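Given chain A, put chain B in place with the hints provided.
Number of protein chains: 2
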Amino acid sequence: MAIKPTLSKGTRDYAPLEVVKRKYLFQLIEEVFQKYGFQPLETPAVENLTTLTGKYGNEGDKLLFHIRSNRSLKESNPQIAEALKDIPTGFIPESSDRGLRYDLTVPMARFVAMNWEKLPMPFKRYQIQPVWRGDRPQRGRYQEFYQCDVDIVGSNSLFNEVELIQIYEEVFTRLGFQDFTIRFNHRKVLNELAKAWGFESVFSSVLISMDKIDKIGISGFASELQEMEDLSSTTALDLVNLLSADVSEQWNILNQVMGDCEGWKEVNYLIQKVGNSHAQFDISLARGLDYYTGTVFEVVTHEVQMGSLGGGGRYDNLTEVFGLKNMSGVGVSFGAERILDCMEELNLFPTQLTPSKTKLLFAAFDEETFEQCSSLLFEMRKLQVPSELYPEFGKLKKAMKYADSKQIPWVAILGESELKEQKISVKNMISGEQNIISWNELFQLS
Amino acid sequence: MAIKPTLSKGTRDYAPLEVVKRKYLFQLIEEVFQKYGFQPLETPAVENLTTLTGKYGNEGDKLLFHIRSNRSLKESNPQIAEALKDIPTGFIPESSDRGLRYDLTVPMARFVAMNWEKLPMPFKRYQIQPVWRGDRPQRGRYQEFYQCDVDIVGSNSLFNEVELIQIYEEVFTRLGFQDFTIRFNHRKVLNELAKAWGFESVFSSVLISMDKIDKIGISGFASELQEMEDLSSTTALDLVNLLSADVSEQWNILNQVMGDCEGWKEVNYLIQKVGNSHAQFDISLARGLDYYTGTVFEVVTHEVQMGSLGGGGRYDNLTEVFGLKNMSGVGVSFGAERILDCMEELNLFPTQLTPSKTKLLFAAFDEETFEQCSSLLFEMRKLQVPSELYPEFGKLKKAMKYADSKQIPWVAILGESELKEQKISVKNMISGEQNIISWNELFQLS
Chain A
0 MAIKPTLSKG
10 TRDYAPLEVV
20 KRKYLFQLIE
30 EVFQKYGFQP
40 LETPAVENLT
50 TLTGKYGNEG
60 DKLLFHIRSN
70 RSLKESNPQI
80 AEALKDIPTG
90 FIPESSDRGL
100 RYDLTVPMAR
110 FVAMNWEKLP
120 MPFKRYQIQP
130 VWRGDRPQRG
140 RYQEFYQCDV
150 DIVGSNSLFN
160 EVELIQIYEE
170 VFTRLGFQDF
180 TIRFNHRKVL
190 NELAKAWGFE
200 SVFSSVLISM
210 DKIDKIGISG
220 FASELQEMED
230 LSSTTALDLV
240 NLLSADVSEQ
250 WNILNQVMGD
260 CEGWKEVNYL
270 IQKVGNSHAQ
280 FDISLARGLD
290 YYTGTVFEVV
300 THEVQMGSLG
310 GGGRYDNLTE
320 VFGLKNMSGV
330 GVSFGAERIL
340 DCMEELNLFP
350 TQLTPSKTKL
360 LFAAFDEETF
370 EQCSSLLFEM
380 RKLQVPSELY
390 PEFGKLKKAM
400 KYADSKQIPW
410 VAILGESELK
420 EQKISVKNMI
430 SGEQNIISWN
440 ELFQLS
Chain B
0 MAIKPTLSKG
10 TRDYAPLEVV
20 KRKYLFQLIE
30 EVFQKYGFQP
40 LETPAVENLT
50 TLTGKYGNEG
60 DKLLFHIRSN
70 RSLKESNPQI
80 AEALKDIPTG
90 FIPESSDRGL
100 RYDLTVPMAR
110 FVAMNWEKLP
120 MPFKRYQIQP
130 VWRGDRPQRG
140 RYQEFYQCDV
150 DIVGSNSLFN
160 EVELIQIYEE
170 VFTRLGFQDF
180 TIRFNHRKVL
190 NELAKAWGFE
200 SVFSSVLISM
210 DKIDKIGISG
220 FASELQEMED
230 LSSTTALDLV
240 NLLSADVSEQ
250 WNILNQVMGD
260 CEGWKEVNYL
270 IQKVGNSHAQ
280 FDISLARGLD
290 YYTGTVFEVV
300 THEVQMGSLG
310 GGGRYDNLTE
320 VFGLKNMSGV
330 GVSFGAERIL
340 DCMEELNLFP
350 TQLTPSKTKL
360 LFAAFDEETF
370 EQCSSLLFEM
380 RKLQVPSELY
390 PEFGKLKKAM
400 KYADSKQIPW
410 VAILGESELK
420 EQKISVKNMI
430 SGEQNIISWN
440 ELFQLS
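These protein sequences, in sequence, are chains A and B.
Be aware that the first sequence starts at 0, since it is given in numbering that gives the first Met the number 0, and climbs by one per residue.
Be aware that the second sequence starts at 0, since it is given in numbering that gives the first Met the number 0, and climbs by one per residue.
No lab work stands behind these hints: they were computed from the structure.
A quick note: this is a predicted structure, and the numbers were derived from the prediction, not measured.
The beta carbon of each residue, even a glycine, is placed where N, CA and C say it ideally should be.
Fair warning: there could be bad hints in the mix.
[Unchecked claim] Okay, the calculated beta carbon distance ranges per label pair:
| hint | chain 1 | residue 1 | chain 2 | residue 2 | range |
| --- | --- | --- | --- | --- | --- |
| 1 | B | Asp365 | A | Arg135 | 35 to 45 Å |
| 2 | B | Met120 | A | Glu440 | 26 to 36 Å |
| 3 | A | Glu432 | B | Ser374 | 51 to 61 Å |
Only chain A is shown next, with the shape it has when bound in the complex (with noise of 0.2 Å):
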């Protein structure tokens, strides 16, 4: 009986040239993080759970995938393993202890405080693996997918923040994009202005209605702090000309309510660090309520409707949760989905990406001339040439769509008169042109 072949919900496969145009992405980031010193870190798929819960709020826990082997069941208790042994497989409930990874930064902090004392500190790692999540599906969204992350570890230095910034700024301008914005903000500047104009109070509202003006707009922002109670109206008024005012008028309402609070010291040297570039100071970020202490970071491009292309930010005592304190860690995250879907759409791969390396594929006309073929298809790999045997003789127009479909430049075609004579036909399979040469003149083709 055979089984239709199905894909998991939420989950794809790379065929070849996808995965040739994930590698590119890949490999460019890595080399950029690798130039700022970071080193690569893997960590497994699978967590215990004790790792997992508690650690993304309410909502993460249910969208965790927890998993269960039907061995460790079976073995827990004998008696139950006897009970369930005609239950077929999959039929059988267990509590489960372990789970899938939900992100790359709780495996990084339990890493960090199993092994600090091994450790170089600060501790500066990058990690380019897949998550999971139980996300209901929808375009764009999947529940298995890649994230980039890059973090330092054991550092409370500002140094950190700018060497982040560049990392995203030489990434993107390599990889292609000119219209983007690299936003910063600081919660510690976010604190002081809700202290000096005095909306504690309602802090998270504002904070949320800040986050969303992308959406809603200045007059979407304005109502909803209208219908905040605690909020004063002139306060509001003041929040509404702070969010409207361009760059460098923000910058002045801000200096003079700051003075020399911590945060905004640190927002002037990154704004002195960092100015040439594509960051930008903005007020408005905020990046979520609870995980951020000190910096914010955004990556957003004008050049595609697209959410965020990556974020990050500064968290005190990331280890804490696993008995390591006064560990602050510093990072961002390249959303490696959308920054793909964006290439796509602004044609940024370069175009000599092909699904396979082939560059010579060779045909051969009978088994005389595939006994050739493969001699000369071996001289070709002996000068590295990445090279193939049609593997059937006598069927030319299958070697050809072959060729087509791996986008393989050249094919050379070895028949009997060819054979006799020492040469060869090679055909270029973009110009169609087609010519006969000896074989030394094939080797040099390499």
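Okay, now just chain B, sitting in the frame of chain A:
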């Protein structure tokens, strides 16, 4: 309340140097695969259980990891959702309909069955991804580990087998293995032998015993044969003589028995094509009982005590279970974890593999030199030199320790006096030599 950080059983973290070593292996293997015209494929970790179950025998089914998301249960039935709303995450049993990938062959067969009309045929693909098995963990055996597979689907040509042997030859040679053997055999030769010598009724038992000769020796093999009731003592003696003969004697014996049987012709084609390599025909190689239908392969090293480092073979009707008939497949797998263990033991990793790519670490005495260091750093990075600035100034001892830990070969230290003269002190961390050079000379270090 702090949680004790733990790894899930049978899983590992890969610290930076381990990632670097693993990537060295995977990239070398990948480069060879590409040179032979193979294309990359990646499939999701999560597959529907309909795809996975029943493909790996009863034992395999027991080792499958099953997956469920809390959301899927709660959404499946509002009444259940209501009843369970106060039950903590992780305590809700559910019958699962998904699982984790157990190998790379079944997902590939599923992919081919779903996409064959769009694929080049034959489809030559490689796949390097983790798989999961609920085996009891022990030394060298993990629940999450990598496989490296290379297969050709949709071609009956024996030339594919030639290429697979060449791939084994090239990979293991380039890795630095010297004393290894690529054993090969043919199921049809074994079948023919059973027919000719009349041991078809105990065929499976003979094969199982033969597969164990490595462990039990020829005498162990002989005594196992004696215990088989349906095996004549003449045949038992013939088998013992055959298996204890050297390679050329074996060939002579078999050549008389086989006549012009198809499997024997194929074996001789392979011997002719790959004679001058580490490949060796070996009549004792069976590789399990059910799966393979043609050639079988296995790689062993004689330099380290270790099981096989890879294996594979030809299987007819690879995709039939997914409704696509007459697709023959042939492929081999590299046992990545074992190969890595061997390479560690034989010191086969290039000495230039280091846990970071950083060539130069800047360290500053005070705030002023820190700022100048950051400018020098940005210059070095413009020259594409992987480099870092230790993020705290005045901590030279810590900076040195940091450079040691990351195996950074050069440390550049900027003090007040050097700053004035536009010079910098550069220390070679390998030789210990230290020199004061100009900033211009520094840039030439790239």
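How the hints compare with the structure:
Between Asp365 (chain B) and Arg135 (chain A) the CB atoms are about 55 Å apart, so this pair departs from the stated range of 35 to 45 Å. The hint said 26 to 36 Å for the Cβ distance between Met120 (chain B) and Glu440 (chain A), and at roughly 31 Å that hint holds. Between Glu432 (chain A) and Ser374 (chain B) the Cβ separation comes to about 53 Å, which falls inside the hinted range of 51 to 61 Å.
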